[in-house]
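Colleague: Working from the sequences, and respecting the hints, build out all of it.
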Amino acid sequence: MKRHVLIIENDQWLGEHYKLLLERSDFSVERVKDGHAAMLSVDARRPSVIVSNLLLDGPSLLALLHELQSYTDTAKIPVIACTSLVNISIEQLRPYGVCRLLNTATVHPREIIAAVKSVLDE
Amino acid sequence: MSFQGSDDNFMQGLMDSHLVTVASSELTNPLILIRQLGLALSEENISDNERKLISERLTLTSERALRIAFRLNLTSADQTELRLEPINPVSLCQDVIKELDPLYYAHGKSIKLKTRTRVPLLVGDRRILHQIILGLGDNALNYCSENQPIRVTIKLKDPYVRISVRDYGPALPTDLWRKIEDGVKKRAISPVAGRPSISITALITLQMLARLMGSRLGLIRHRDGSTFYIDLHASKQIRLI
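Just so you know, the protein sequences line up as chains A and B, in that order. Heads up: the first sequence begins at 4 in the working numbering, then just goes up one per residue. Heads up: the second sequence begins at 364 in the working numbering, then just goes up one per residue.
Please keep in mind that the hints were generated in silico from the structure rather than gathered at the bench. Watch out, some of these pointers could steer you wrong.
[Said to hold, decoys possible] Derived DEER-like restraints, expressed as beta-carbon distance ranges:
1. Asn106/A x Glu448/B: 41 to 49 Å
2. Ile93/A x Gln457/B: 44 to 52 Å
3. Asp76/A x Arg490/B: 53 to 61 Å
4. Asp76/A x Leu476/B: 31 to 39 Å
5. Arg97/A x Arg479/B: 55 to 63 Å
[Said to hold, decoys possible] Just some of the chain A residues that point at chain B, by a computed CB distance under 8 Å:
6. Asp14
7. Asp60
8. His69
9. His111
For each residue, glycine too, the CB sits at the ideal point set by N, CA and C.
Modeller: Written as structure tokens, this is what we have:
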């Protein structure tokens with residue numbers, strides 16, 4: 004059975020690009036545009052990993068991650084955060100379940116796939 | 364027309380921000396997308412249809428980035444360069460919608476003009492007003508769906524003509540605005556705060572352009588989105604066409 008990845012990305016085309024990349028690597032992928040839709044998606048089907056833009060519309064990713072951390076069944080979902088912000092570190096995000104931080108300005112598509120695979124292998 | 368209370372301070376704080384910071388953050392998103400699409404094009408295992416789709420998206424996103432760059436460039440204009448003239452707001456908005464149509468269509472969305480048949484001319488700088496409405500339209504793209512097209516509306520609000528753009532993004536709660544305002548004062552907006560339905564940097568750019576014409580952007584919050592508007596004086600000149 005394919006591992007399920009949830010992508011949270013406000014930009015439609017960037018989200019579709021990530022989705023296509025991961026589908027080609029044999030993942031099942033759903034893309035949503037904000038935190039509310041992400042919660043509904045997680046309730047409907049728990050993803051093996053979440054790949055999310057750090058800056059979401061409306062409630063932030065941290066609000067969503069805080070919510071996920073409050074339930075034992077969702078707290079263990081690994082999260083890969085994507086951002087071009089330079090003033091934030093993975094150490095600041097680890098308490099929220101973030102295990103990888105990708106710089107969207109420099110990341111190569113292959114590195115996104117590699118990050119998802121490595122998180123799942125841990 | 365003005366933002367009330369804390370929103371006024373908020374805008375003043377934003378106007379004090381450095382233009383280079385504004386420029387870099389506003390251009391980042393389209394450039395990230397352009398780079399990713401460019402890298403996707405270089406992959407060998409993509410079909411002709413995918414290549415065509417990616418090329419189209421590259422073109423439209425590049426055009427969007429160029430519009431942002433043009434707007435940023437315009438903010439450095441001073442008021443002596445202004446060319447105030449009577450403008451037909453209907454034809455101006457029709458031009459903007461025509462320009463944005465391919466981008467909206469490619470996203471499966473639409474932007475529509477809603478107006479009465481007889482709207483007076485307004486007084487403004489055509490080039491700047493065109494860029495302001497274009498900027499609001501560009502920004503609203505992410506905040507609509509197939510069933511909820513973006514509406515550009517022209518109304519007479521004597522003695523002004525109001526052009527507004529209604530989106531369906533997340534509402535802009537006052538407490539969020541206050542939080543951002545505090546962040547601006549400390550020059551350290553939380554990088555992980557939730558985003559309102561317009562990027563802060565886009566707002567700064569458009570507000571600077573509006574101020575060049577002695578006007579300001581206004582905001583109406585809705586339960587399911589926001590309306591951004593600009594009021595400009597109605598022209599007393601009789602319209603002949």
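Colleague: Of all the hints numbered above, which does this structure not satisfy? Sort the numbers upward.
Modeller: Failing hints, ascending: 4 and 8.
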